[in-house]
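Residues per chain are reported as follows:
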Amino acid sequence: MLAGSGWMEERSMAELVLDSVTKVYNPKSRHPVTAVDRVDMPIGDGEIIGLLGSSGCGKTSTLRMIAGFESVSSGEIRVGERVINNLPPARRNVAMAFEGYALYPPLRIRDNIGFALLRDRHPAAEVARKVDEVTGLLEIGDILDRYPPTISAGQQQRSSLARALIRDADAFLLDEPMSQLEPQLRAILRARIKDWLITRKMTTVFVTHDQTEAIALADRIAVMEGGILQQFATPNDLKERPANLFVASFIGEPPMNIYTASVYRDGDRLGLIAEDQAGNEAFRVALPGEDAAPAPHRQLRDGQRVHLGVRPHRVRLGEGGLLGRVTSHHWLGDQTHIGIELGNALLIAVAHGIFEARAGSDIAIALPATSLHIFDHDSERALFHGMEPAERAA
Amino acid sequence: MGSDSGWKRVLRGVLLTIVALFFLFPIFWVFLMSFQTNETILRIPPSIVFEPTLQNYVALISGKLVSNAGVLEIAFMKNLGNSLILSVVSVALSLLLGVPAAYAFARFKFRLGEDIAFTLLSFRFAPPLLVLLPLALYFQSMGLIDTYFGLIWVYQLITLPLILWIVRGYFEDISEDIEYAYRVDGNSWLRTFLKISVPLARPGIAAAMLLAFIFAWNNFVFALILASADKQPVTVGALAFVTASGIQYGQIAASIVLSVTPTLLLALYAQRYLVEGLSLGAVKG
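Protein chains in written order, with this note's numbering: chain A, 3 to 396; chain B, 617 to 901.
What the hints contain is simulated information worked out from the structure, not anything from laboratory work.
Cβ coordinates follow ideal geometry from the N, Cα and C atoms, glycine included.
Heads up, a few of these hints could be off.
[Stated by the list, open to error] Not the full set, but computed from the structure, chain B residues with beta-carbon under 10 Å of chain A:
(1) S791
(2) I794
(3) Y796
(4) Y798
(5) R799
(6) V800
(7) S804
(8) L816
[As the list claims (entries may be wrong)] Straight-line alpha carbon distances no greater than 27 Å define the calculated BS3-like cross-link-like pairs of lysine-lysine that follow:
(9) K680/B with K847/B
(10) K132/A with K196/A
(11) K30/A with K725/B
(12) K203/A with K132/A
(13) K811/B with K725/B
(14) K132/A with K811/B
Using the sequences and the accompanying hints, generate a full structural model.
Take a look at the structure:
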């Protein structure tokens with residue numbers, strides 16, 4: 003199913019499987035809270051998985067269940083053939099980097115990082131070599147003899163990350179591993195850490211609310227919302243084939259333009275009428291009609307209510323049959339964000355490079371049928387991505 | 617603070633000295649009194665110039681109180697020993713029971729958990745006299761009256777809630793993630809408690825221990841009712857200095873000095889941990 007990501011071949015050892023994992027807090031109280039709801043996640047050996055979602059979506063609960071800090075209300079977590087959800091954390095052989103760092107205050111950074119290895123009686127020279135290696139990677143080699151309370155938050159976070167990365171575990175769990183770092187450093191470390199994880203074939207699950215980080219680091223991303231796994235797919239699939247309206251609007255910067263729309267049929271011609279906020283017609287887009295060679299949209303009924311989505315990057319500017327008015331114009335240094343009024347609806351478009359357009363001027367745009375995402379109105383599930391039906395949506 | 621100008625430092629020093637004098641003066645006066653005879657203590661006007669004598673201490677340690685009415689046997693050293701036994705064992709027992717209990721209350725949600733914790737705290741609200749009479753009757757029939765065991769048991773009413781509630785707060789302040797990190801590194805729950813939680817809560821445990829010891833040491837009514845002369849601590853034993861022939865101020869002062877000493881030493885010792893707790897800081901995640 004995931005050609006190119008290469009994880010399917012590695013069935014040998016530490017596959018990490020979440021099988022219908024559910025977490026209910028206060029199950030016996032009057033108001034039980036389902037934090038994680040039947041999450042299925044087969045994670046291949048050596049695969050890097052990002053858990054992405056907003057605060058309170060259940061991503062950290064999921065991670066903590068894998069680590070063993072939270073009990074699993076129902077379902078199963080397996081490493082290979084071994085069911086681990088009833089094992090204490092110490093026997094799961096996982097390593098974790100904590101969002102709150104959780105360094106041991108009385109130990110020097112060097113001893114914090116080497117702690118687990120020393121505990122397992124690895125030779126001191128080997129531990130020292132590994133500590134040097136991992137701290138060099140994370141650029142904290144200069145603080146090894148300091149104590150945790152005396153270093154900055156970013157350094158503590160990297161120390162906590164180093165303490166996890168140095169281990170030889172079945173799974174590596176990283177909770178917001180780079181939230182405290184400066185953007186430049188974050189970008190550099192992201193690449194290095196990815197390299198480190200890939201060369202050592204470390205099965206990794208990391209939690210983040212930063213989609214750039216998730217996309218850059220992960221082989222596959224699990225988008226969560228309200229305790230439910232919305233989609234578990236490669237970064238590219240999340241962008242090109244979002245399973246539902248939530249994923250479509252959550253992934254991508256600037257976010258996807260989304261309109262409520264209804265289908266119209268006029269003889270052989272087929273199209274969508276997009277509405278503005280007030281429910282009035284804003285603009286129309288044509289879909290390939292019944293007579294077109296691929297006619298995937300055939301099953302859309304006349305008058306059917308849908309959601310229409312268009313990625314800002316896929317809007318074509320300066321051509322096509324739709325006429326809009328430029329309302330805003332931002333040059334961001336490498337791309338231009340342009341706000342366009344179509345009828346009374348707002349469309350955000352992105353042009354690569356500098357795009358000259360004055361606010362108030364008219365602009366011709368095209369929304370090619372290949373770039374349209376169509377979602378069911380009520381279930382908000384994806385129906386079509388461009389010219390393809392979305393039948394394989396999760 | 618280091619950047620303060622000279623006169624500010626001097627002023628601070630002067631003010632601190634005045635405060636210290638004000639609070640420490642009674643102790644200082646008692647200390648002087650313990651080296652005086654009743655006559656020099658009671659002379660008017662009082663003076664800090666006198667000929668020091670060790671007769672008060674000699675009387676206390678030998679157990680023979682010499683007054684103008686004759687020689688009186690007192691068991692001060694025995695009382696001091698009793699105080700030590702009762703306080704030390706009570707606090708040790710409370711630590712043994714209270715620290716794990718405090719951890720449980722801090723970390724785990726369980727049925728009636730809050731109610732149990734509050735009930736334990738409520739022992740501190742009730743005036744001791746309220747429970748003493750029934751307790752004395754029960755102890756009588758159970759044969760626990762006038763035993764160290766019975767007294768230590770009753771002392772738990774004083775020391776256990778104190779330790780439980782103070783230490784619980786410290787446990788709650790420790791980031792759970794530090795414990796988790798240790799467990800993920802391959803350690804059991806019990807080891808995590810002993811190696812991570814307890815050491816990190818040590819300043820709190822030291823503070824609670826010190827307070828509990830002081831409360832136990834200063835307790836009066838429990839021992840007054842439930843113990844005979846044989847098992848009485850110094851607080852009750854000091855009543856013996858009020859004799860038919862007058863009040864022995866010199867010996868009272870000497871006994872105060874002697875009975876304050878263990879608490880003072882303990883406070884000085886525990887202080888190191890209290891200060892360490894402040895400087896360690898930043899344990900929270």
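Sort out which numbered hints this structure fails and list those numbers smallest first. When the structure is compared with the hints, none of them turns out to be violated.
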